[in-house]
Amino acid sequence: MRFVFKTDYEDDIRLFPHSGYVYSYGVLLALLLLAPFVLSSYIMSQLVFVCIYATVGVGLLILTGFTGQASLGHAAFLAIGAYTAAYLQQYNVPFPVYFLAAGLLTGVIGALVGFPALRLQGIYLVIATISFAFIVEEILARWESVTNGNEGMRVKTLQLLGTPVSRDSPAFYFLCLGVLILTIVGTLNLLRSPTGRAFVAIRDSETAARSMGINVSLYKVKSFAISAGITGLAGCLFAHKLSFISPEMFTLQLSIEFIIVILIGGTFSLHGAVLGAIFLVMIDPFLTYLKDDLPIIISGVAAALGAGADTAANIRSHVAAFASANGLKGAIYGVIIVLFVLFEPLGLYGRWLKIKLFFQLFPLYKRATFKRQKIYVKSERNR
Amino acid sequence: MSYFRAENLSLHFGGLKAVDAVSFAVEKGEILSIIGPNGAGKSSIFNLVSRIYPPTSGRIFFEDQDITQQPAYDIARLGIARTFQNIELFENATVLSNLLVGRHRHSTTQLWQELLFLPPVRASEKMHRRRVEQVIEFLDLEPYRDKLISGLPYGVRKVIELARALCSEPKLILLDEPSSGLNVEETDDMSFWIRDMKTELGITVLMVEHDMTLVNRVSDRVIALNYGKVLAMGTPAEVQRHPDVVAAYLGA
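Those protein sequence lines, which keep their order, are chains V and Y. Residue numbering for the first sequence follows this note's numbering, starting at 1 and increasing by one per position. Residue numbering for the second sequence follows this note's numbering, starting at 1 and increasing by one per position.
Careful: at least some of the hints might be erroneous.
Per the computed footprint, the stretches of chain Y lying under chain V, defined by three or more beta-carbons under 8 Å from a beta-carbon of chain V, are [claimed, not checked]:
id, segment
1, 67-76
2, 86-93
3, 101-115
4, 125-138
Derived pair list, reagent style BS3-like, types lysine-lysine, alpha-carbon separation capped at 25 Å [what the hints assert, rightly or not]:
id, chain 1, residue 1, chain 2, residue 2
5, V, K156, V, K241
6, Y, K229, Y, K17
7, Y, K126, Y, K171
8, V, K6, Y, K126
9, V, K366, V, K354
10, V, K6, V, K356
11, Y, K171, Y, K198
12, Y, K171, Y, K28
13, V, K366, Y, K147
14, Y, K147, V, K356
15, V, K6, Y, K147
16, V, K329, V, K291
17, V, K366, V, K356
18, Y, K28, Y, K229
19, Y, K147, V, K354
FRET-style restraints, in silico, Cβ to Cβ [claimed, not checked]:
id, chain 1, residue 1, chain 2, residue 2, range
20, Y, L111, V, F244, 34 to 40 Å
21, Y, K147, V, L15, 19 to 25 Å
22, V, Q253, Y, L78, 47 to 53 Å
23, V, P116, Y, L111, 20 to 26 Å
24, V, A325, Y, G155, 54 to 60 Å
25, V, F286, Y, R145, 28 to 34 Å
Hints are computed from structural coordinates only; laboratory data are not their basis. All values derive from a computational prediction rather than experimental measurement. Glycine is no exception: its CB is placed at the ideal position from the N, C-alpha and C atoms.
Using the sequences plus the hints, can you model the full thing?
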């Protein structure tokens, strides 16, 4: 066990509480920088998606995890960022400008969504954000002069400082990784400043926050704007990665995927966004595996157990039909969410902390350490 | 002119008159207690003063400024802090960050500075941290700095709520039943702290309290309420002897 002796107020402020953090994150960064030279292009492509999803996850965490305002409209923010980038790119606007413009415009729209959201709590806010997402989806499909309607928009190769950066190149991966790291550092800075503490205060008790001098409405709008802005930046990268965007990519399912990212990763720490993004991006190869290999394996097992050739073929076609059924992905998402909410509400990062503590305290770990307390009295009077 | 003044303050919920034309004044540097049976309107007065409820009628003055229409978050900025009867702490945050939220009214940094954590932000964070440490020392909270609120016992939470209010360096502090749920020793500590707040920190105290020993020990003046109306006002001894107060409590 390590004991951190604090001798300066700086010890409470610094990002890395002790040298162990510096080493482990240093090693992680080195591995991530070496990755493109070692890993296959398929895995690199998945890593780029992890970076983009994690960036959105960080944005969503600011709003949902730290300010306590649920949102199922983040696919719309991503779409606004993506379309802003694609639209401005047509007029030969340089990348840094339309990248920032995507973030800024999405942030402003996020703030506008935040205003009506001030009067809504919990499930009603979720419904409002879903409606917003549907409105955006519809506008993207109908406003053909700008968005090219349902035909979608082609996104040209990214030009950075005069050199083209292909969407599969290591340079693009470094760009996405850099954006993710800067987002995380900026968010951490925010969380250790008055604004971040105000967000957390609003999440835990709006009444108390108000009587401590926090302008709750202003900070909720700020939270919406920052969250949307970060998602807009990710949207710009997303558009480049896909090289083609159309309205049906930014559906409710994508918003739910973002919720899965933070729910499965853990809503109380930024680690959650990254872990959740890794988990989510891994589901797709897993589904492909289900589709391709599972029927063969199961029918093989059945044949080995003595089933006839006809029965085995029958089993195989049934399993194949099941594995490629429509909506299987959604069903799996649903099951995963339910299982996590029931058995690991702290998410993957919570599980990681438990494992870490188990080894730190080795023979002394108690299961009750992380046991959730039941709150018997929760005053709702002063909302 | 009084330091803090409520004039004909009323709060009606339909036909129920929770607070009915109550007028009182608090002088600078005094400890004024509001007592009364359950449902007398004590906490409602607090919620009116901290602008959580808008009053049906009446006006509130603080330092000769009409604060009846000020938004709730401005009340803290003027120098009025409060605690809650049923503890409203930020459950999933550490004690330290709870107390730092108390410093919110003194924060001056801009959002873009905070995103980059520029030197002014760092400096002001250290300043806030130093002030918070003074309060931690004042209320003996040293063992709890990095603990999460959700894991702390009730008595400690009560003190942390007081600490959070003190961190905002208030001129007037509203304490809503500071001793409820505390044992005898903790109540003793609380009464010393309330006295010290007045004598050492120069804070004016307005408090709602049921524990008459605590009221007698710390109050300069007492107001007795029943059914939203003032029954009696004066020193603790005077109020307790007042026939209406005796009637309200004993039903005589």
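Hints, verified against the model:
With 6 residues having a beta carbon nearer than 8 Å to a beta carbon of chain V, the segment 67-76 of chain Y meets the requirement of three or more and the stated coverage holds. Taking a C-beta to C-beta cut-off of 8 Å, the segment 86-93 of chain Y contributes 7 residues in contact with chain V, enough for the three needed, and the coverage statement holds. Counting residues of the segment 101-115 of chain Y whose beta carbon lies closer than 8 Å to any beta carbon of chain V gives 10, which reaches the threshold of three, so the coverage claim holds. Remark: the segment 125-138 of chain Y is confirmed as covered by chain V, as 5 of its residues place a Cβ nearer than 8 Å to a Cβ of that chain, reaching the required three.
Only pairs whose Cα atoms come within 25 Å are accepted, and K156(V) paired with K241(V) is accepted, the gap being roughly 10 Å. For a cut-off of 25 Å, the pair hint linking K229(Y) to K17(Y) stands: about 9 Å separates their Cα positions. Between K126(Y) and K171(Y), the direct Cα distance comes to roughly 23 Å. Compliance with the 25 Å bound is thereby established for this hinted pair. Restraint check for K6(V) and K126(Y): the C-alpha separation of about 14 Å stays at or below 25 Å, so the hint holds.
This hinted pair checks out: K366(V) and K354(V) have alpha carbons roughly 10 Å apart, not beyond 25 Å. Annotation: proposed proximity of K6(V) to K356(V) holds, straight-line Cα distance about 22 Å (limit 25 Å). Distance restraint check for K171(Y) and K198(Y): the Cα-Cα separation of roughly 10 Å lies within the 25 Å cut-off, and the hinted pair is therefore satisfied. Between the alpha carbons of K171(Y) and K28(Y) the distance comes to roughly 9 Å, so the proposed pair stays at or under 25 Å and holds.
Annotation: proposed proximity of K366(V) to K147(Y) holds, straight-line Cα distance about 18 Å (limit 25 Å). A hinted pair counts as satisfied when its Cα atoms are at most 25 Å apart, and K147(Y) with K356(V) qualifies at roughly 19 Å. Using a Cα cut-off of 25 Å, the hinted pair K6(V) and K147(Y) holds, with the two alpha carbons roughly 15 Å apart. Note on K329(V) and K291(V): the hinted pairing holds, with a Cα-Cα distance of about 11 Å set against a maximum of 25 Å.
Simply put, K366(V) and K356(V) have alpha-carbon atoms about 13 Å apart, close enough for the 25 Å limit, and the pair holds. A C-alpha spacing of about 24 Å is found between K28(Y) and K229(Y), which places the hinted pair at or below 25 Å, so the restraint holds. For the given pair, K147(Y) sits about 17 Å from K354(V) by alpha-carbon distance, which is consistent with the 25 Å threshold. The hint said 34 to 40 Å for the Cβ distance between L111(Y) and F244(V), and at roughly 35 Å that hint holds.
The beta-carbon spacing between K147(Y) and L15(V), approximately 21 Å, falls within the hinted interval of 19 to 25 Å. Against the hinted window of 47 to 53 Å, the Cβ-Cβ separation of Q253(V) and L78(Y) comes to about 49 Å, which satisfies the hint. Checked against the hint of 20 to 26 Å, the C-beta distance between P116(V) and L111(Y) comes to roughly 22 Å, which is consistent with it. Taking 54 to 60 Å as the suggested C-beta distance range, the pair A325(V) and G155(Y) conforms, at roughly 57 Å.
Against the hinted window of 28 to 34 Å, the Cβ-Cβ separation of F286(V) and R145(Y) comes to about 44 Å, which falls outside the hint.
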